[in-house]
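Given only the sequences and the hints, what does the whole structure look like? Please build it.
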Amino acid sequence: AQSVSQHNHHVILSEAASLELGCNYSYGGTVNLFWYVQYPGQHLQLLLKYFSGDPLVKGIKGFEAEFIKSKFSFNLRKPSVQWSDTAEYFCAEDTGNQFYFGTGTSLTVIP
Amino acid sequence: DTGVSQNPRHKITKRGQNVTFRCDPISEHNRLYWYRQTLGQGPEFLTYFQNEAQLEKSRLLSDRFSAERPKGSFSTLEIQRTEQGDSAMYLCASSRTGLFNYGYTFGSGTRLTVV
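Sequences listed follow chains A and B, in order.
With the numbering used here as the guide, the letters of the first sequence map in order to residues 1 to 111.
With the numbering used here as the guide, the letters of the second sequence map in order to residues 1 to 115.
Since the hints were derived computationally from the structure, they do not count as laboratory data.
Among the hints, a few may not be true.
[Claimed, not checked] Only pairs whose alpha carbons sit at most 20 Å apart, straight line, appear in this in silico SDA-like list of lysine to any residue:
{"#": "1", "chain 1": "B", "residue 1": "Lys71", "chain 2": "B", "residue 2": "Ser27"}
{"#": "2", "chain 1": "A", "residue 1": "Lys49", "chain 2": "B", "residue 2": "Thr105"}
{"#": "3", "chain 1": "A", "residue 1": "Lys49", "chain 2": "B", "residue 2": "Arg31"}
{"#": "4", "chain 1": "A", "residue 1": "Lys49", "chain 2": "B", "residue 2": "Arg96"}
{"#": "5", "chain 1": "B", "residue 1": "Lys11", "chain 2": "A", "residue 2": "Gly41"}
{"#": "6", "chain 1": "B", "residue 1": "Lys57", "chain 2": "A", "residue 2": "Ser3"}
{"#": "7", "chain 1": "B", "residue 1": "Lys57", "chain 2": "A", "residue 2": "Thr95"}
{"#": "8", "chain 1": "B", "residue 1": "Lys57", "chain 2": "A", "residue 2": "Tyr100"}
{"#": "9", "chain 1": "A", "residue 1": "Lys61", "chain 2": "B", "residue 2": "Thr105"}
{"#": "10", "chain 1": "A", "residue 1": "Lys49", "chain 2": "B", "residue 2": "Thr97"}
{"#": "11", "chain 1": "A", "residue 1": "Lys49", "chain 2": "B", "residue 2": "His29"}
{"#": "12", "chain 1": "A", "residue 1": "Lys71", "chain 2": "A", "residue 2": "Tyr100"}
{"#": "13", "chain 1": "B", "residue 1": "Lys11", "chain 2": "A", "residue 2": "His43"}
[Stated by the list, open to error] Computed footprint of chain A on chain B, listed as stretches where at least three residues anywhere in the stretch have a Cβ under 8 Å from a Cβ of chain A:
{"#": "14", "region": "42–55"}
{"#": "15", "region": "105–114"}
[Claimed, not checked] Chain A stretches covered by chain B per the calculated footprint, using a threshold of three residues with CB under 8 Å from any CB of chain B:
{"#": "16", "region": "38–44"}
{"#": "17", "region": "99–108"}
We treat Cβ as the ideally placed atom computed from N, Cα and C, and that holds for glycine.
Dropping the structure here:
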């Protein structure tokens, strides 16, 4: 069965620190990958997505992710986090019929 | 607002009662999805429609759950004889099929509390 793994359950960083959140997927076919963010009390919002082409994908709010097929990974990065980045981050893969979400990583940024 | 709309935002019900949630997708989106999210977990797929056809249902969707999308626009999710384990956030999302997957647009969800 397809699955998405997020190994970091809770990350705490100081402002201006660099961020990398891990995501591994298992689907061996053509895969579409996404990162969603959920700010406290708000709905899920799309950060970025990968379909094909350049494996380094840039999203909103300074986030980027790198698709590494050999490692089945799609890690999310941001060079310098802000307090406003405090949120839950979900990696997801789309196999054609549905999304499989990871369990999420809770990011807390300390001012 | 042209986003995905869900009603009600919150629902508190007694165990054993029936509840119904509504989702209005983005108008040009032909696919509609229902997910359930519990605290500390990612959204879990329940079912999805393409236009009015229900194409896939998760094993999570017991016989007490039923979803409809009668005219290919809004959708309803009904839970009969609610149980405390049904307490969760129920999320609706919509998308437009095409050459690429543009990603889902999620609604704000309906938080169900079964007491």
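Check your understanding: Which earlier hints can't be squared with this structure?
Key -> none
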